[in-house]
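Student: Given the structure of chain U, go ahead and fit chain E onto it with the hints provided.
Protein chains: 2
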Amino acid sequence: MELLKKRICETGQVIGDRIIKVDGFLNHQIDIALLNEIGKEFKARFVSSQITKILTIEASGIGIACITAQYFKVPVLFAKKNEASNLDKDVYSSEVYSFTKDKTYNVQVAKKFLAPTDKVLIIDDFLANGNAVQGLLDIVKQSGAQTLGVGIVIEKSFQQGRKKISDENIQLESLAIIKELRQGQIIFG
Amino acid sequence: MELLKKRICETGQVIGDRIIKVDGFLNHQIDIALLNEIGKEFKARFVSSQITKILTIEASGIGIACITAQYFKVPVLFAKKNEASNLDKDVYSSEVYSFTKDKTYNVQVAKKFLAPTDKVLIIDDFLANGNAVQGLLDIVKQSGAQTLGVGIVIEKSFQQGRKKISDENIQLESLAIIKELRQGQIIFG
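So the protein sequences, as listed, match chains U and E.
When you line the first sequence up against my numbering, it's residues 1 to 189, in that order.
When you line the second sequence up against my numbering, it's residues 1 to 189, in that order.
Hints were generated in silico from the structure; no laboratory data involved.
One should not assume that every hint holds.
Any copy, or any two copies together, can satisfy a pair, since identical chains are not distinguished.
[As the list claims (entries may be wrong)] Pairs of lysine to aspartate or glutamate, DMTMM-like flavour, derived with a Cα cap of 20 Å: (1) Lys6 with Glu58; (2) Lys81 with Glu58; (3) Lys111 with Asp31; (4) Lys112 with Asp23; (5) Lys89 with Asp23; (6) Lys81 with Asp102; (7) Lys101 with Glu83; (8) Lys73 with Asp23; (9) Lys164 with Glu2; (10) Lys21 with Asp90; (11) Lys112 with Glu10; (12) Lys103 with Glu83; (13) Lys119 with Asp31; (14) Lys101 with Asp23; (15) Lys103 with Glu58; (16) Lys40 with Glu2; (17) Lys101 with Glu58; (18) Lys43 with Asp31; (19) Lys21 with Glu58; (20) Lys73 with Glu37; (21) Lys43 with Glu2; (22) Lys43 with Asp90; (23) Lys112 with Asp31.
Here chain U stands alone, though its shape is the one from the complex:
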């Protein structure tokens, strides 16, 4: 998605060879007009899917999921992150390790909001090591629902996320794929 890549180049901040900060338009300040273009692009890429629900994870995924959901006309469900383990019987949960924060979260979704008949599109801002998406895939599996696709705004393809998801044989669409961060430069794949 050229508009997105252009914005990443113009305002993204490269830190070392692994981190790109996009807090100016995606995950702290949010450019809603750009998010609308992102939503339309996800709709175009998952066009044949009979999505019934968009699943994301707090916090950065929520805005993207809500704007995107307007084009699919389905509800959004966002998984909650808890630091403590919680054995609540009314939730599906999965443990997710965050490299950014060096913490393991217990990610949870209330059982009543995922039915075996649901066809789920998972949306998130970043795909890096893939742990968050794997946690969400795990939750969908527990519910008996089906994940029809994973839509990512920015993928860092030099990390392991894609491989983990490809193993699941699910349509994965990343709107910008960064294959390398080198000396402050962003190299798209």
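Tutor: Just chain E now, kept in the frame of chain U:
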């Protein structure tokens, strides 16, 4: 806002005399069509204001703020919650005590995203004790920007939030005001 009150009555779960759970449409699963009506209503109520930015707080405020921002054609900025105190010189921060979680958070916004020329609309899902909104008002003050309004989806008027904000002489609009929760019944104000 009648549509919202109707939904609260139909699907809200009253717990004791202080808690109303609306996780079916507002803060876990999100009804995007309803959020669009909420966004339009905020636009109608803050019609004369020259809003330049919508400020909210993660996580439940983000979806509401993003959908609402489409009607104001301004960016969203969401404050981040950190448990640890953080003396980062590049952020405005304010301490916020959460009754729900019995924790004090350090709420932060990067300085570069709030300018003294900004006219801010604060949006959140609930107004109860008002601590979150007070933290956001404090952050806007630190930046030299001006808060033109506070838009709340559900206010529990039997708690102290409105009084704290009224003292600031800022336009406060709550789309549903609950004055009492009694024996499982919701009494609107």
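Student: Confirm or reject each hint.
Tutor: Do the hints match the structure? See the list:
no., hint, result
1, Lys6 with Glu58, "neither (26 Å within a copy, 27 Å between copies)"
2, Lys81 with Glu58, "both (7 Å within a copy, 12 Å between copies)"
3, Lys111 with Asp31, "between (32 Å within a copy, 17 Å between copies)"
4, Lys112 with Asp23, "between (33 Å within a copy, 10 Å between copies)"
5, Lys89 with Asp23, "between (36 Å within a copy, 17 Å between copies)"
6, Lys81 with Asp102, "both (14 Å within a copy, 16 Å between copies)"
7, Lys101 with Glu83, "both (12 Å within a copy, 12 Å between copies)"
8, Lys73 with Asp23, "between (27 Å within a copy, 19 Å between copies)"
9, Lys164 with Glu2, "neither (26 Å within a copy, 46 Å between copies)"
10, Lys21 with Asp90, "between (36 Å within a copy, 15 Å between copies)"
11, Lys112 with Glu10, "between (43 Å within a copy, 16 Å between copies)"
12, Lys103 with Glu83, "both (8 Å within a copy, 13 Å between copies)"
13, Lys119 with Asp31, "between (28 Å within a copy, 17 Å between copies)"
14, Lys101 with Asp23, "within (16 Å within a copy, 27 Å between copies)"
15, Lys103 with Glu58, "both (15 Å within a copy, 18 Å between copies)"
16, Lys40 with Glu2, "within (14 Å within a copy, 31 Å between copies)"
17, Lys101 with Glu58, "both (14 Å within a copy, 16 Å between copies)"
18, Lys43 with Asp31, "both (19 Å within a copy, 18 Å between copies)"
19, Lys21 with Glu58, "both (18 Å within a copy, 18 Å between copies)"
20, Lys73 with Glu37, "both (16 Å within a copy, 14 Å between copies)"
21, Lys43 with Glu2, "within (16 Å within a copy, 32 Å between copies)"
22, Lys43 with Asp90, "neither (32 Å within a copy, 37 Å between copies)"
23, Lys112 with Asp31, "between (32 Å within a copy, 15 Å between copies)"
Hints 1, 9 and 22 from the earlier list are contradicted by this structure; the remaining hints agree with it.
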